[in-house]
Each structure stands twice: as structure tokens, then as C-alpha cells.
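Q: If you want the building blocks of each chain, they are given just below.
There are 2 protein chains.
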Amino acid sequence: MITIDGTQYSKWSRPIFEQMRAGGVTAVHVTLVYHASARETLTIIGAWHRLFEAHGDLIMPVFTAADIRHAHEVGKTGIIFGFQNPSPIEDELALVEVFYQLGVRFMQLTYNNQSLLATGCYESADSGITRYGRQVIAEMNRVGMVIDMSHSAEKSTLEAIEISERPIVISHANPLFWHDSLRGKSDVVIKTLAEAGGLLGFSLYPFHLRQHSATTLADFCGMVAKTADMIGVQNIGIGSDLCQDQPLSILEWMRNGRWSKTMDYGEGSAANATWPEQPDWFQSNADFPNLIVGLREIGFDEDEVAQIMGGNWLRFCEEAWV
Amino acid sequence: MITIDGTQYSKWSRPIFEQMRAGGVTAVHVTLVYHASARETLTIIGAWHRLFEAHGDLIMPVFTAADIRHAHEVGKTGIIFGFQNPSPIEDELALVEVFYQLGVRFMQLTYNNQSLLATGCYESADSGITRYGRQVIAEMNRVGMVIDMSHSAEKSTLEAIEISERPIVISHANPLFWHDSLRGKSDVVIKTLAEAGGLLGFSLYPFHLRQHSATTLADFCGMVAKTADMIGVQNIGIGSDLCQDQPLSILEWMRNGRWSKTMDYGEGSAANATWPEQPDWFQSNADFPNLIVGLREIGFDEDEVAQIMGGNWLRFCEEAWV
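Residue numbers (our numbering), protein chains in the order written: chain A, 16 to 337; chain B, 16 to 337.
The shape of chain A in the complex, shown without the other chains (with noise of 0.2 Å):
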């Protein structure tokens, strides 16, 4: 079966990448940059070189969706480049093709706070797409680059489904009737994302999931069901989000990256600093199998499950990436 993930921010290690050997993750969606200049991203870019070249046994650069295929054959784990914020473009249109070129496939309009894009969804008001990011989707439209909402606001995800000629994702965040918080998804949203082709990806973040470490696979599954009879099984997939192995120094500097001067905890508290401990089910790479499992026992078929773990990434990254 194919196993694709949607989104993940592990501090990259031969460890995680033998889990993903483990796991079966036939590819994934890694996240270059929370807050770096076009500068900093190639610093990103040439650390994943170096990556590359040490574990070439496990792992391999994805820029096609035959990449990935081949990916699977070869026994590796491609690996797609995306941002999570549109820093690394600055205010340089250009700069979309020259990071396309580079191997980024996915970049988010937003990361929470308002962008030079759009609005986050962490912001009180929300202005919807911007003058400079109608240029950015055209852009990124024309080049193949998808845009990706799961850190956007609502009014800015309806405006980029809107604007954008070419299918979006929502590469990681869960629907809100499942679980109430800022980074969930509306019906509305995910009815309108999949009715103009798009893809939401399901999120195993704890604070993502409706009992946070103790929701059950069952749980998560039934909300995977429920979904599906919304929108149909073609809509969605996988976005982990893991954060496998990273310091809570990484996390702060998610949340505050250089624009805050107090802490801000994000979908934490003061009280609740840390990462979240993951759900006994989706510990690590290795763990994607469950997933498998428990798709099956909620009631999908053969057919539904892998369109599920990476099916549908797979046909929508052939039809993105060109």
C-alpha cells in the first residue's frame, strides 16, 4: 500500500527515517521553514542535501509524482518539500518559481498570524487574500506549487478556494465538528475545499484531537467516517503533523518565531507548555500500520483505505505538479 503524509516536522534523524521504512511511509510532506528569510531557506535546502547524500538507503527527494512511485518500488520514503509560512518568498514574487525549482511542492498562505497573503487563523479579524497574495496563487497556480490552508483563517481558506484556478489542500487540521479549536475546519470550509477538488489531510497533533493523548483509534477513525460521508472518500488523507523527537525550544520558536516578545503558547497555556504526549496508537513513523487498522474496523474497504493513506495524495500530486 501506499502511505503518504500530508505534513510532518520531525527533527530528521536515521532513526525516524528506518521508523518510516517501518511504518511503510512511501512518502512525506516535510516542513522547511516556520519564520526564515529566502536566505535562511537555502541553508534549510542544503541541510537536506547533506540528508540526502547520508541516507540515500532511506530516503530520496521528491519533485514528481512519478518520484514517489518510484519511491515506492525502490523500497525508500520520498520526501516533498513544503513551507508552513510564506517567509522564505519575502515580498518577491519570483521567488515562487525559484523555490518550485528547489523541490518546495506545498506552501501554506499563512502560519497563524496575518501574512503579506492572507490572515492566519489565529488573528481577530480576518482580511481574506491579499493584493500581493492574488499574485502569489496565480504564481503558484502557474508553476505547480499547491496552496495549502490548514493554518489559515476562514474567510482567507474560502477566498483561496475561490481565487485559486487549481485545487488546495488542507494538509493537516481535523473538522471542527469533531473537536472545537482554531486550528479546526469548518463544514462549510471542508464542503467547499472538496467540492473544487481539494484535499484535506487528517491531523494526529494532540491538541488536534478531540481528547488530546487519550483519543482512542476508534475515535479518530469514526471522525475519518464521518468525514467521508460529508465530502466522499476521494477528499481526504493523511497529514500526520508529527513533531517526533524535537526540543520544546523548536516548539517556542513555532509560536514566537522572531515577532513576539512575550511567550505566546499557541495552542497551549502557560500551564501547558510542552509538547503534547501522542496518542499510544500514533507514537512515531513506525506507527502508520494502526492507521491501516483501524480504517478497516471503522467500516472503509480495501479500495477506501489506501485511497486514504496515500491514494489520493498520489493522484492529486499528479495533478498538482505540472
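Worth flagging that the hints you see were computed from the coordinates, not collected in a lab.
We put the CB at the ideal spot given by N, CA and C, even for glycine.
Treat the hints with care, as some may be off.
What the hints assert, rightly or not - To give an idea of the interface, some chain A residues facing chain B are shown, with a C-beta separation under 10 Å as derived from the structure:
1. I60
2. E68
3. E107
As the list claims (entries may be wrong) - The calculated label-pair distances, taken between Cβ atoms and stated as ranges, are:
4. A211(A) / T58(B): 30 to 40 Å
5. R157(A) / T58(B): 16 to 26 Å
6. Q150(B) / G237(A): 49 to 59 Å
7. A37(A) / E107(B): 32 to 42 Å
8. L108(A) / Y280(B): 34 to 44 Å
9. G159(A) / A69(B): 12 to 22 Å
10. D106(A) / T231(B): 46 to 56 Å
We have chain A; now place chain B onto it with these hints.
A: Same frame as chain A, now just chain B:
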């Protein structure tokens, strides 16, 4: 006939691209930077993407030797990126592969002055390849970026040929035996370069010509013939160094960058500070056919002319960019 020009830095425009087609130019190695940081170089690459979009009927990007053959088949001019100065990689080894991925296929280790890698041809003392320089040469060898020593000092050049495990080039320079200048190359350098499988591109920049603008086509082609007698016809090509339509400010930038407080006149002088006049038989990209005529008249057979005009560059690139 496949015509490949080993170096140009023109003020790119549609009229110049049209001249390239009129002149039967199959591919050109274009200079992206003289003095630019990594970040600035991204903007320059972005500007080229715009040119490819706007003039896609005349030009196309080149990443592989197959792209050059394709350009020939479809009647376009292939554009090959190169740096005349290693400034874009700054002090970060990993940027070699990053820029290779963005299409950069040639990099000079120095531009006249000492760089982090080697010594330029205008320095009074030549310390050879530096510690970082050795790392960069190994990395360029690994990824397939070609080392270019056109603007380097003699000892540095000989060391680069020795240290590099792959053939290198002097993309645009002429032999000292024909014209004495700081930028000219000694017999020792030319022979060592050729013995290691390297390639010398003959320059048509007037300061590199024996009688500057008044140099005749026959005199130029005589130099080509004498060099061919010395090292064989398979190791030579053209590297015109054409700088069409550039304002004086660009010449001053090339010569002074951000490093000089007083005006440096490079190959010129205070009394001769501006762009030199091209010889009447090589005014623009439309004049490459004149070189074909001149090479025939000096006695090269058709096969040899084809090698010198582009065949040797094509073979070199085919072996280099892997």
C-alpha cells in the same frame, strides 16, 4: 551547425535573443553575477525566469546537454547559467548543490581578486587554492558544476586543474603567446588544461585581442589555429565575452563591485575608461557566422570548424553535467 558560446554578459533583451537566432547560436553560457550574495542571486535567477516566460519562443533554460540538443532541434537558443565569481555561495559549501539545482553549471573560483577559494589574476601574490577552495572543488566535482578559471591567477589555475578530479575550463581567455595581458593564459596553463581534458574558450572582448578593435578576423583565427597546433582541436571553443548593450555603470560595477573606494579601471585606464569597441566582424550575436568563415579560411576542415564552434563545448557539457 551547433554553435555554443562559452561566456556572455549582455544586457538581455528580445533584440539580442533575435540576434542569437539570426547568428545560429544554439546555446550560451550567460553570466548571472559578478558581485552578488546568495540572496541577490535568487533575484537574478527570478529575472531570468521572467525572460524565459516572455521570450519562450526564442530562448529556453539548459540543465543538461540534452537540453542543448533540444534547443538546436526546435530552433531556440539554450541559456546556461554561470557565475563569474563564487560570491553567491558565500562561505556555505552546501550552496554549491543548491545553485546547481537552480541551473548553475559553471562557476569561476575567482573574479580578478582573491576570493575565499583561490587567487584572481589581478593580485600580486598567488597563494593557490584555499582550504575552503578544496572543499568547493570536491563538491563541484560531485554535483557536476564546472570549474572555470578564466579570471584566476596562474598558480591557482594549475592547482585547480590538479585538484579537480574532473576536467575544468577557461571559458573566455586568449593565449599570452598572442597577446600579453593579466587575463591571458600561459602555454603551461593551456597545455596542462588540455592534458587534463579541459577546454579553452577564445575571447572576443577587445582588451583580449592583439590589436583590440582593429584586430582582423584572420589574425584571430590564426591564433586559434596556432593553439590547435599546440593542444589539438578537441580542447578549444569560443567564449566571446560579449557584453552587448551594457551601460558604463555595469562596467564600473564589474571592475569595482562594492570592494573599491577609488575607481579601478580593470583592463582599461583613466584615459580609456569605457567599454571597448567590438571589431567590425564581431559586433553582436548575429556575427557568429563570420567566425565560421574565418575558421574555414585559416584552413580548418568542416569537422574541425564544427568542433570549435560548438561540438567541443557540447561534448564537454555532456561529460561534465552528471
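Q: Would you mind marking each hint as holding or not holding in the structure?
A: Results of checking the hints against the structure:
Of the supplied interface hints, the one on I60(A) holds, with its beta-carbon coming within about 6 Å of a beta-carbon of chain B, less than 10 Å. Below 10 Å, beta-carbon pairs count as interface contacts, and E68(A) has one with chain B at about 9 Å; its hint therefore holds. With a cut of 10 Å, the hint placing E107(A) at the interface with chain B holds, because the nearest CB-to-CB distance is about 7 Å. Against the hinted window of 30 to 40 Å, the Cβ-Cβ separation of A211(A) and T58(B) comes to about 33 Å, which satisfies the hint.
Hint check: R157(A) to T58(B), Cβ distance near 19 Å, so the stated range 16 to 26 Å holds. Between Q150(B) and G237(A) the beta carbons are some 55 Å apart, a value that agrees with the proposed interval 49 to 59 Å. Distance hint check for A37(A) and E107(B): the Cβ-Cβ separation is about 34 Å, which falls inside the suggested range of 32 to 42 Å. At roughly 38 Å, the beta carbons of L108(A) and Y280(B) sit within the given window of 34 to 44 Å.
Between G159(A) and A69(B), the C-beta spacing of about 19 Å keeps the proposed range 12 to 22 Å intact. For the hinted restraint 46 to 56 Å between D106(A) and T231(B), the CB-CB distance of approximately 52 Å keeps it satisfied.
Every hint, counting from the list given before, is met by this structure.
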